[in-house]
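Listed here are the chains, written in short residue letters.
4 protein chains.
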Amino acid sequence: MLDCFHDECGIAGVYGNPEAANHAYLSLYAFQHRGQESAGITACFPGGSFSSHKGRGLVSEVFDQEKLNQLKGTIAIGHNRYSTSGKAILENAQPFDIEYHRGRLSLAHNGNLVNSHLLRRELEAMGAIFRTTNDSEVLLHLIARSRHEDFIETLRSVFMTVRGAYSIVMTDGERLYGIRDPLGIRPLILGELEEGLVLVSESCALDLMGATFIREVNPGELIVIDGKGFQSIPLLPVTERSAFCIFEFVYFARPDSFQFGNYVHNVRKEFGRTLAREAPVDADVVIPVPDSGIVPTLGFSQESGIPFEMGLIRNHYVGRTFIEPKQSIRHFGVKIKLNPVKSLLEGKRVVVIDDSIVRGTTSRKIVKMIRDAGAKEVHMRIAAPPTICPCFYGVDTPTRSELIASNHDLEQICTYITADSLSYLSHEGMFTAAGGDRNTFCSACFDGNYPIPFDSPEAGTT
Amino acid sequence: MLDCFHDECGIAGVYGNPEAANHAYLSLYAFQHRGQESAGITACFPGGSFSSHKGRGLVSEVFDQEKLNQLKGTIAIGHNRYSTSGKAILENAQPFDIEYHRGRLSLAHNGNLVNSHLLRRELEAMGAIFRTTNDSEVLLHLIARSRHEDFIETLRSVFMTVRGAYSIVMTDGERLYGIRDPLGIRPLILGELEEGLVLVSESCALDLMGATFIREVNPGELIVIDGKGFQSIPLLPVTERSAFCIFEFVYFARPDSFQFGNYVHNVRKEFGRTLAREAPVDADVVIPVPDSGIVPTLGFSQESGIPFEMGLIRNHYVGRTFIEPKQSIRHFGVKIKLNPVKSLLEGKRVVVIDDSIVRGTTSRKIVKMIRDAGAKEVHMRIAAPPTICPCFYGVDTPTRSELIASNHDLEQICTYITADSLSYLSHEGMFTAAGGDRNTFCSACFDGNYPIPFDSPEAGTT
Amino acid sequence: MLDCFHDECGIAGVYGNPEAANHAYLSLYAFQHRGQESAGITACFPGGSFSSHKGRGLVSEVFDQEKLNQLKGTIAIGHNRYSTSGKAILENAQPFDIEYHRGRLSLAHNGNLVNSHLLRRELEAMGAIFRTTNDSEVLLHLIARSRHEDFIETLRSVFMTVRGAYSIVMTDGERLYGIRDPLGIRPLILGELEEGLVLVSESCALDLMGATFIREVNPGELIVIDGKGFQSIPLLPVTERSAFCIFEFVYFARPDSFQFGNYVHNVRKEFGRTLAREAPVDADVVIPVPDSGIVPTLGFSQESGIPFEMGLIRNHYVGRTFIEPKQSIRHFGVKIKLNPVKSLLEGKRVVVIDDSIVRGTTSRKIVKMIRDAGAKEVHMRIAAPPTICPCFYGVDTPTRSELIASNHDLEQICTYITADSLSYLSHEGMFTAAGGDRNTFCSACFDGNYPIPFDSPEAGTT
Amino acid sequence: MLDCFHDECGIAGVYGNPEAANHAYLSLYAFQHRGQESAGITACFPGGSFSSHKGRGLVSEVFDQEKLNQLKGTIAIGHNRYSTSGKAILENAQPFDIEYHRGRLSLAHNGNLVNSHLLRRELEAMGAIFRTTNDSEVLLHLIARSRHEDFIETLRSVFMTVRGAYSIVMTDGERLYGIRDPLGIRPLILGELEEGLVLVSESCALDLMGATFIREVNPGELIVIDGKGFQSIPLLPVTERSAFCIFEFVYFARPDSFQFGNYVHNVRKEFGRTLAREAPVDADVVIPVPDSGIVPTLGFSQESGIPFEMGLIRNHYVGRTFIEPKQSIRHFGVKIKLNPVKSLLEGKRVVVIDDSIVRGTTSRKIVKMIRDAGAKEVHMRIAAPPTICPCFYGVDTPTRSELIASNHDLEQICTYITADSLSYLSHEGMFTAAGGDRNTFCSACFDGNYPIPFDSPEAGTT
Ligand SMILES: Nc1ncnc2c1ncn2[C@@H]1O[C@H](COP(=O)(O)OP(=O)(O)O)[C@@H](O)[C@H]1O
Ligand SMILES: Nc1ncnc2c1ncn2[C@@H]1O[C@H](COP(=O)(O)OP(=O)(O)O)[C@@H](O)[C@H]1O
Ligand SMILES: Nc1ncnc2c1ncn2[C@@H]1O[C@H](COP(=O)(O)OP(=O)(O)O)[C@@H](O)[C@H]1O
Ligand SMILES: Nc1ncnc2c1ncn2[C@@H]1O[C@H](COP(=O)(O)OP(=O)(O)O)[C@@H](O)[C@H]1O
Ligand code: SF4
Ligand code: SF4
Ligand code: SF4
Ligand code: SF4
Ligand SMILES: [Mg+2]
Ligand SMILES: [Mg+2]
Ligand SMILES: [Mg+2]
Ligand SMILES: [Mg+2]
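Residue numbers (the UniProt record's numbering), protein chains in the order written: chain A, 1 to 462; chain B, 1 to 462; chain C, 1 to 462; chain D, 1 to 462.
There's no promise every hint is true.
If several chains are the same, the list does not tell them apart, and a pair holds so long as it fits within one copy or across any two.
For lysine-lysine, the following DSSO-like pairs were computed, each having C-alpha atoms within a straight-line distance of at most 30 Å [unchecked claim]: (1) Lys337 x Lys368; (2) Lys342 x Lys376; (3) Lys337 x Lys72; (4) Lys72 x Lys326; (5) Lys376 x Lys72; (6) Lys72 x Lys228; (7) Lys67 x Lys342; (8) Lys326 x Lys67; (9) Lys368 x Lys67.
Treat the hints as calculated values from the structure; they're not laboratory data. This one's a predicted model, so the numbers in the text were calculated from it and none came from an experiment.
Next up, chain A with everything else stripped away, as it sits in the complex (with noise of 0.2 Å):
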């Protein structure tokens, strides 16, 4: 409803737990946030064949107990899919269940191949058939065409020949594997259950599975479970540099989750007071856009001393459906989902943090439903540098001309939102506050500087 980037996926795979789908149902739970479009659980028994089950809507609407009691096995591949996109053609639902001359395959993919269209075009040369729109079905044309004799000189073959991001979980119904591209782009994480180990997106569903943090799975390298643990292999060449994406911090994940290396929570909060030194504002009260803009806000408040209030409530159940009045109600777009506490708002100068301003259509509303219950003034801080460009990296976003900020001045935007003032995050201050630089992070929504190559004009559409 509000313009906002869409991450793409969260994947889950869990080995030797005698519930492995209801543990891939919990991971699913745990991180709704990162695809609420469509879901999926494959399950199976060492050596056994496959049930699975895929459907649109949340994972609560998907799975009920007698679906999930039919998922039965030790070994269970789960995903969460943002958008199932308009090609209605295709079935793109993961988890993605093929047979080939190997057996069984079972696959879950976050990311996006920037070569994945030169790749299927290459493979419908070789005669390949696609059923759907879906990068995961080039990978798995690759797999299956590879010569090797070894199922990891193949997978080794396989992933040198791809390019792009990607964090994958995969079963051939004796072992999990968990595949993480060279630069660590998306996020993949080890963990330990009291019976068996699982592979998460984001590091809330070991909580919620009661399960141990091990460690993230590296960039470059290949997790191998099977009865007897977790093997690690490093599948391909890495360099020095990392590509972590930097809008995980800013807005994907969890403020509860731990990710490349930090607590989300930390990074955001530090975001918040670096924002307050960069961007003072003498102002009575200083607010979030609930809940992504909690954690930021209360980091400037605690540098800045001005208090933090909670002067917009957001709706608990803002939901996917909502029938909207035929008569225009005044920014009824953003009233679903947020109120103002006027009370608190009534006579002040009010500083507003949100994570990032997209189209900006949204953050215009916020300010005047701010201002029409009686601020005096209102500055909009964002805790996060403007968003510029799109990603080719497995985020749902606008495309440049959408994005304000990309062609639009500082100064623009700020009128454009009708605020009292406006400022940004620095780039600067968003990596150290991260704990790294250019060469840890992807940044490539706030700056173009992809870490990653595209050659086709396709290569960012999913």
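The hints should help you fit chains B, C and D with the ligands onto chain A, whose structure is shown.
Structure of chains B, C and D with the ligands alone, referenced to chain A:
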């Protein structure tokens, strides 16, 4: 899932708007937290026939565009219900539509009548048939049996007969009526749309509809709305005392609502401030049990100077259905909803604030969760006095024996929840913060002072 | 889809069986043809509370295993309804469950009261409230208001007051009651399970349940069933005449049922035989409009010696929903249901037999369909007299102006339906074949002789 | 519910009609009896992209107006499927839509390939991945891998490679293709709409669409339909023999259809006549097991002079779901579908005719049901020879060991089903009645003469 008090209902009436049903829907959506088990709307044109739709589930599940479109008319009544109660024979969903000697009537009711069982037995003795276990049916029978020519006199005599808590919206297909009991136990608010007038349980609905707040309906007052505007009729004799449900301030109402002459946010924050003064504690950080604990925690922090942090994260996707794994996961019940931010809690002396302790099981899990996350000390502070008595005025409460504070002293509760210390807000502190005293508010669940006596042991059941 | 008379209901009562609801379900399933719009079952243990489930659609859609399992008890009442009527405000679904001064009552009703509007107005004047537009609610109010101590006397006085067609099953949670109106217009049959007793609208339900036929309930009789068996109470004064609905033989009842002292199949076949004698025709083949036309056609064939053939095939999957193409397809309405067997019709002189002509539009399409398939001549024979009047005794009929035979003579109808000849069964022929005369049967829809006068123009509406 | 052979599919293709999907829907509806478990339609404009919808259930359940409206285009392909088979991992629903080096392809298939397992293993060895267990996927891989420039040559080489029974409709988004295997095992019919051309499995679909029959597609023929009309291409070499599935005449096809050069009705009636001559019996009445038994029974009656009666009534509402009571009811399984007309059977010597005996359990229940209804003698006559072998050409049959006639002689079967006598139609009688001989028809399920050899034991599985 977590143990708590449940409000029973939210009601809305719309008059003179071409999209009356749509606005009723918006109201129900805004105060969905007042009742999540079923929802219903009845609509009509003045003089036209009623159309009605009811169903189980959230407002957004019960209604879709097609169903709303069928509810044509400029008058509408809506109802959110917490409990559909076990009594499946009889159809308790509201609004309640009937035909009788005057024509048609549709009624929605928030509250509970304490003499309804008696009245029902009398009505049955006179030949009445009942299809539901609902208080509202008693009201309708009384209205239908009244011998008064005049409808207002009818209403007066009926509401002189019943005793209890009630806010009611009602239409005879011509006018919209709003009634509040003589003690004003349940809220009811009058507002103005660009086109038409509305009556709603909670003011946040006005904000979503884009309506202006006019005023609260007074205790004992009848509001009659027709094409000429609204008319105030003093229906029932009132005394000096009122009995506004103080639990609205403690928990039910959204912080952005205005009720009983005060902003909920302000009162709730003052609860926190007072608590900080009454029960100070030496600590490093104070955290809320979100979301209801946030506002008092801000007050506590501001008063005490202990830094406020979001040490517990509330999952956005907490729904009504969730599949538990068969193997127990530590604190699972609470984990589904809340997750600690470890980096904030490790090695800290933590104050955690919630609005109430009902059975104690949830608080116990929360304390343990915080301690497991590394807290050195965990001090629980409750922004209200101990809840020791059930409510008979329309709120779904556990029985006295289930209320931990009803039969355990402070120390015992503190031991049970495994906190390092525990304190509640004082009664005086609560009243003062809410801007009144024992004669302004009902506080029966905190002190057993029931403002309306009830004569039968059945009284408290719905 | 095709134009026809619709029966209004089928009812069932089960007593003393551990799977009472399941047997009620079987009954509703067996006479699903009596009402396809909604279905409901109420069940209880003697002295226990009612559980109930109702819904729109076929019995197999409304109930599933889980829902049936919830309907626990050894007593059950079921109801199939044809029309849910447009009146959506009020909830007309049956069985109708109430509480009143004697306790509980659940009632299901097949028929129509001709003085219910009058009674309703009187009841309303005395303070009754109505939630539905249903006759049954009038009955329940009358029962609740009766001043008789004795329940049997209560029933007697109530049913002395109402006039019309009714077969009723009812339980007070202790006993099962069956009542048939003094003219016996609607059927009601008593049967015996291995365990327990049953009352059903149509005997085919006994067969499906594996029950034995005991006898039909008599006109004016009350059957009371309890743990000791059944008891017959002559409730209402009866005259010499009865008024069994002859349309049951013509169309409603399944041919495998036994009603009004005769096998439906035998009567229906005799209709065909008589028709062959009364309206002979020189032809090569005689075909039914399946399925209702099959039995009379067999009679016609056997009497006339003209070979019987299945010249029209009835699609097994005729459902309630069907999406028509926007472009018109010739005879589409009928094609969805029926398709000719060309090889049987080409070049033939064809007699086609149906049970009735209502609006004429269907017969017209059928004649054309047969002719398009190559028939040289098409002779229509109807195994009943012309339907000229609406029914006010519980059958959903078109208004007089829509009944083609009401305002057109034989020749006009024949021309309209484009048949080469058309004949109907004579009134005498029908009575004789059915084993009675004008004093045995109601035949009002064929001759306007209404056995119960009705005093208001509203009488005929439900 | 009753034991029988199940057809596997019905297929339809529409070209050049503005309501192409709607006409495909009508076809699926007309031959719903060919597959009741799932249904799917893919539609497009020439050169446009595919839209597709598939689901489980009857055609009328899978599609509604909204879903059909989304299937825009003048080309459409539809598919009814009997078995969704247990293999839930892979998505077997058709039509099957892919992208490959030539562009897009959508294919629907009726039949079974006997060398698909072999081909599949070869394709896998060459790197193909499979998402389903479906034969169609093999076809699509072969098409995609063909090195022929020309599409027709591609099809020729692919269909020279596969062996088995297949009727196929297919579109590349530009043209519509229809193909029938060289033995013509499965039917495929070409028809003409007022606007456009159609290909359907069964001619009753033409009648419902208002299309004209052009001719059957020939064995080994490829029909290519484009804007200029249709073109016939002899795709595959054919021999003198054909192998039309004789079971279509015995059971599958609707009697109003025309297939393999004959009217189904005529053939089926001749089965009955021949049976009367081959296996005469002294009896009072001959009755069908409706509906499939009706036509042969008419033949039997006409030939033998024994009067035809509808002694068993088939419930119109036989659906796919039904809840059985826990307590057993005598012959329950059959009663749900059939009920005897006692007055017709009492004291009679009855001949009962069905199309086949598969496991024998149903026939046994039917014989008992007739006897329980009072029949003095029950003689079973089957209007086909004994079914002794499974089908490997696209029909879902029990295994050999489940086919009662496969391992019991006539007398044993007669004893098992408790009939007074039992006779089957002779093989010669069947062929003659069907207008051909062993070289015209496949009759493998009756005699084990499989017209296409299969090399692996897996061949027979779907
Ligand atoms: N309590 C929470 N539960 C889930 N996600 C949260 C929570 N708090 C913050 N987030 C983060 O904020 C994002 C969504 O929260 P919010 O800002 O409320 O909505 P919006 O996406 O509309 O900005 C998620 O991507 C998530 O990582
Ligand atoms: N943003 C909000 N939206 C809706 N209700 C809220 C909100 N914040 C606080 N509340 C209040 O808190 C209650 C529910 O919030 P919360 O404490 O998160 O859940 P719980 O009922 O489990 O304690 C509601 O009754 C409501 O009045
Ligand atoms: N086999 C049967 N199952 C159910 N009803 C049947 C059957 N045969 C005849 N009938 C009778 O015919 C009516 C419906 O059959 P049919 O003539 O096929 O449809 P229509 O109502 O469209 O004329 C029912 O009212 C029923 O009593
Ligand atoms: N009127 C009809 N509509 C559809 N199918 C029919 C019809 N009459 C006969 N059939 C044929 O009979 C089969 C199903 O009819 P029936 O014998 O009643 O059920 P069963 O499959 O249980 O034997 C179908 O395969 C169909 O070809
Ligand atoms: S472009 Fe932005 S969103 Fe995409 S991976 Fe890089 S930092 Fe993350
Ligand atoms: S008893 Fe408590 S919850 Fe009930 S009305 Fe009084 S204050 Fe409110
Ligand atoms: S009027 Fe016709 S349908 Fe009605 S009860 Fe009389 S015979 Fe039956
Ligand atoms: S084996 Fe039988 S069912 Fe199969 S194709 Fe041959 S005749 Fe038809
Ligand atoms: Mg946000
Ligand atoms: Mg709370
Ligand atoms: Mg009929
Ligand atoms: Mg059959």
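Outcome of the hint check:
| no. | hint | in the structure |
| --- | --- | --- |
| 1 | Lys337 x Lys368 | within (15 Å within a copy, 32 Å between copies) |
| 2 | Lys342 x Lys376 | within (12 Å within a copy, 38 Å between copies) |
| 3 | Lys337 x Lys72 | between (39 Å within a copy, 26 Å between copies) |
| 4 | Lys72 x Lys326 | between (48 Å within a copy, 13 Å between copies) |
| 5 | Lys376 x Lys72 | neither (60 Å within a copy, 41 Å between copies) |
| 6 | Lys72 x Lys228 | within (21 Å within a copy, 51 Å between copies) |
| 7 | Lys67 x Lys342 | neither (46 Å within a copy, 34 Å between copies) |
| 8 | Lys326 x Lys67 | between (39 Å within a copy, 15 Å between copies) |
| 9 | Lys368 x Lys67 | neither (46 Å within a copy, 33 Å between copies) |
Hint compliance for this structure: hints 5, 7 and 9 are not met, and every other hint is.
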